[in-house]
Amino acid sequence: MSDLLWPGVALHVVSGKGGTGKTTVAAALAMTLAREGRRTLLMEVEGRQGIAQLFDVPPLPYEERRVAVAPGGGEVWALAVDPEDALLDYLEIFYNLRRAGSALRRMGAVDFATTIAPGLRDVLLTGKACEVVRRSDKGGGDAYDAVVLDAPPTGRITRFLNVNSEVSGLAKVGPIRNHADLVMSVIASPRTAVHLVTLLEEMPVQETIDGIHELQGAELPVGGVFVNMTRPPLLDDAERALALQDRLPIDDIVNQLTEAVVTGDAHAIARTLVREGTDHARRVELEQRELERLDSLDVPVLQLPFLPGGIDLSNLYELAALLTKQGVR
Amino acid sequence: MSTPALHIDSLLDDPSVSILVCTGSGGVGKTTSAAALALRAAERGRHVCVLTIDPARRLAQAMGLTELDNTPRPVPGITGAGSLHAMMLDMKRTFDEVVEAHADPDRAQQILSNPFYQALSSSFAGTQEYMAMEKLGQLRAQEDAPWDLIVVDTPPSRSALDFLDAPARLGSFLDGRFIRILTAPARGAGRGLGRLAAAGFGIFTGVLGKILGAQVLTDVGTFVVAIDTTFGGFRERADQTFALLQDESTRFLVVAAPEPDALREASYFVERLRDEDMPLGGLIVNRVQSVDQSLMTADTAVATAQRLTQDDASEPLTARLLDLHALRLRERERQHHLTERFTGAHPGVPVAQVPALAEDVHDLEGLREIGDLLAQGQMV
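Residue numbers (this note's numbering), protein chains in the order written: chain A, 1 to 329; chain B, 1 to 380.
Keep in mind the hints are simulated off the structure, nothing from the lab. Beta carbons are placed, not taken as given, at the ideal position from N, Cα and C, and that holds for glycine. One thing to keep in mind: the hints can contain errors.
Just some of the chain B residues that point at chain A, by a computed CB distance under 10 angstroms [what the hints assert, rightly or not]:
(1) G29
(2) L59
(3) R107
(4) L112
(5) A257
(6) A262
(7) A305
(8) L308
(9) L317
(10) T318
(11) D360
Which bits of chain A does chain B cover? Going by a derived footprint, with three or more residues having C-beta under 8 angstroms, they are [said to hold, decoys possible]:
(12) 196-205
(13) 251-257
Just chain A, with the same shape it has in the complex (with noise of 0.2 angstroms):
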């Protein structure tokens, strides 16, 4: 794949189903797009501290931080969001009411606004992403060239990047109208895509598939698909086809073994072997089934490999030249 991947795009929203992950493919994101002298905020939004365990840095506060270099000298900063500070920023830029907010938060009326107004939460979060897309520097550039956002799961991301739609139900007039629209009018645009993180299995798969097709009919702009901790096959295909008729040539296994001067009964050894082997294949079939479902949506489908010993900070830059490879600048 040699296009250039998503010019243009200030927000990349990063969902997936939980236990593909998400985190680890947006900081990667974030690590890409900060090539080249370049500087990215990545955010989080679930109050898990998902990135600063993954860069190895103390628990991110409500402040926007520098966690990585990237190469070629460009920056990740890191922002993880609690829907009570956000609340408190927006009564600030709105009302002007900071100290208001304060006392508000003795009373629990934050914690009843963040935690039980219907969607608010999800309308704060949204509309801090889209308040640092909109931000400028000092010299009247962005003071971002791309925000990645590590965002809820697959299952709940329509309705998280839709909320508006729920709150112009509920709020027709006012200013929590005018700032969901304006919200918006960032994330229903060119300027945003989002991107779904997948692992081959049908389960991730399917629910990959759905999302999309939401995404989709809410008229969200669809980025790509990011399918994670591939593993290369290590049988060519027509031993895979041998494999799954379940006619690998065992008396030629038990002689190579013999011949390599392997201790223990070779002929159980290759029965182990030509089981696991069969055992591959079957898992290779099912990757490549589900991978052309992917490539059959007709969005972009980007690969990351597993990376076995976990990952830290050295493995993304592994996985940023992987991205870069596959077109994202």
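With chain A held as given, fit chain B onto it using these hints.
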């Protein structure tokens, strides 16, 4: 220190156990485990009802669930003397039913058509958890119910702890002081406000009105009044369910995958259960790499593969199968190491490990297979 094996069958067969709650972070196979446990219990003679929250389509089909109708349906194809009912939670429907059951028709209509109620019942972040608990309470209380064991799946929330906290949060919100103050004008009395009212309550509601829109406040107010006069506090209902979860006939099964995040969540949950005095059955670790560890070490496998490759211009099949074996051994080793962190911190918590399956479950036979694997517990 040794980790006891989780004996699934003795748990399922124990007639004093009447509720099994499967919990854990998203993507660990919680729903599938719940369904497999329910099927196994039924085929071992129990009369079981399984409450699933958001099953994958094919899993739902495997249990004969084709539509979301919020009622337990008998699952055909069960062998043995037991029986299995299955249902998918419809959270809005459950909420509506609570209202309809406790209010006279006019009042119920008033609540159901309230815009705030509609938003709350379909989109509030804790409603699904609350309604799962509500449904569990209903299934448990149902008279002449054909089941003696209820298996509950929990909502796919960010953190497994949400499941415990959300009902209390929603209950205390609907029942709480703040909302009473907020809706005091609608109740026609400022009783209990005292100094607070003097401190400028009007300004305060004015600010909230500005943020939320005045209409929202009015809707909230009329909703709370309507709901408050029809049935006793939500908090009380939440408390009752909480007590049910502490009952000795309940067992929690914490489900995880052998990955750092999932096991960390499992750890939090186990600690929380202890704090809350809730009975833990054990930990189920799904998706474990299956491999025969008795043949050779990973290093030996790689070394043998190299010897074969040196003798041969092209890498022979056997060498690649040995490499594959080494990869599996190393993956198993990594997972073992991660799981040990959990068992080290929680000695005494019984653990069952279930190997990763190549394909998802499509039918009862697939669920049976998972049930067998669960019962074998410590895999080879």
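Okay, the hints, checked on the actual structure:
Using the Cβ-Cβ criterion of 10 angstroms, the hint placing B/G29 at the interface with chain A is satisfied: the shortest such distance is roughly 9 angstroms. Contact between B/L59 and chain A, as hinted, is supported at the beta carbon level, the nearest pair being about 8 angstroms apart and thus within 10 angstroms. Taking 10 angstroms as the C-beta contact cut-off toward chain A, the hint placing B/R107 at the interface is violated, the least distance being around 22 angstroms. A cut of 10 angstroms between beta carbons decides the hint on B/L112: the least distance to chain A is about 16 angstroms, and the hint is violated.
Among the interface hints, the one on B/A257 holds; its C-beta lies about 6 angstroms from the nearest C-beta in chain A, closer than the 10 angstroms criterion. Checking B/A262 against chain A by beta carbon gives a least distance of about 7 angstroms; that is within 10 angstroms, so the hint holds. A distance limit of 10 angstroms between C-beta atoms decides the matter here; for B/A305 the minimum to chain A is near 8 angstroms, and the interface restraint holds. At its closest, the beta carbon of B/L308 sits 5 angstroms from a beta carbon of chain A; the interface hint therefore holds under the 10 angstroms criterion.
Given the 10 angstroms rule on beta carbons, the hint for B/L317 holds: about 6 angstroms separates it from the nearest Cβ of chain A. Checking B/T318 against chain A: minimum C-beta separation of about 4 angstroms stays under 10 angstroms; hint holds. The interface hint given for B/D360 is met, as the beta carbon of that residue sits about 4 angstroms from the closest beta carbon of chain A, less than 10 angstroms. Counting residues of the segment 196-205 of chain A whose beta carbon lies closer than 8 angstroms to any beta carbon of chain B gives 4, which reaches the threshold of three, so the coverage claim holds.
With a threshold of 8 angstroms between beta carbons, the proposed coverage of the segment 251-257 of chain A by chain B holds, since 4 of its residues qualify and at least three are required.
Consistency with the previously given hints fails for numbers 3, 4, ordered from lowest to highest.
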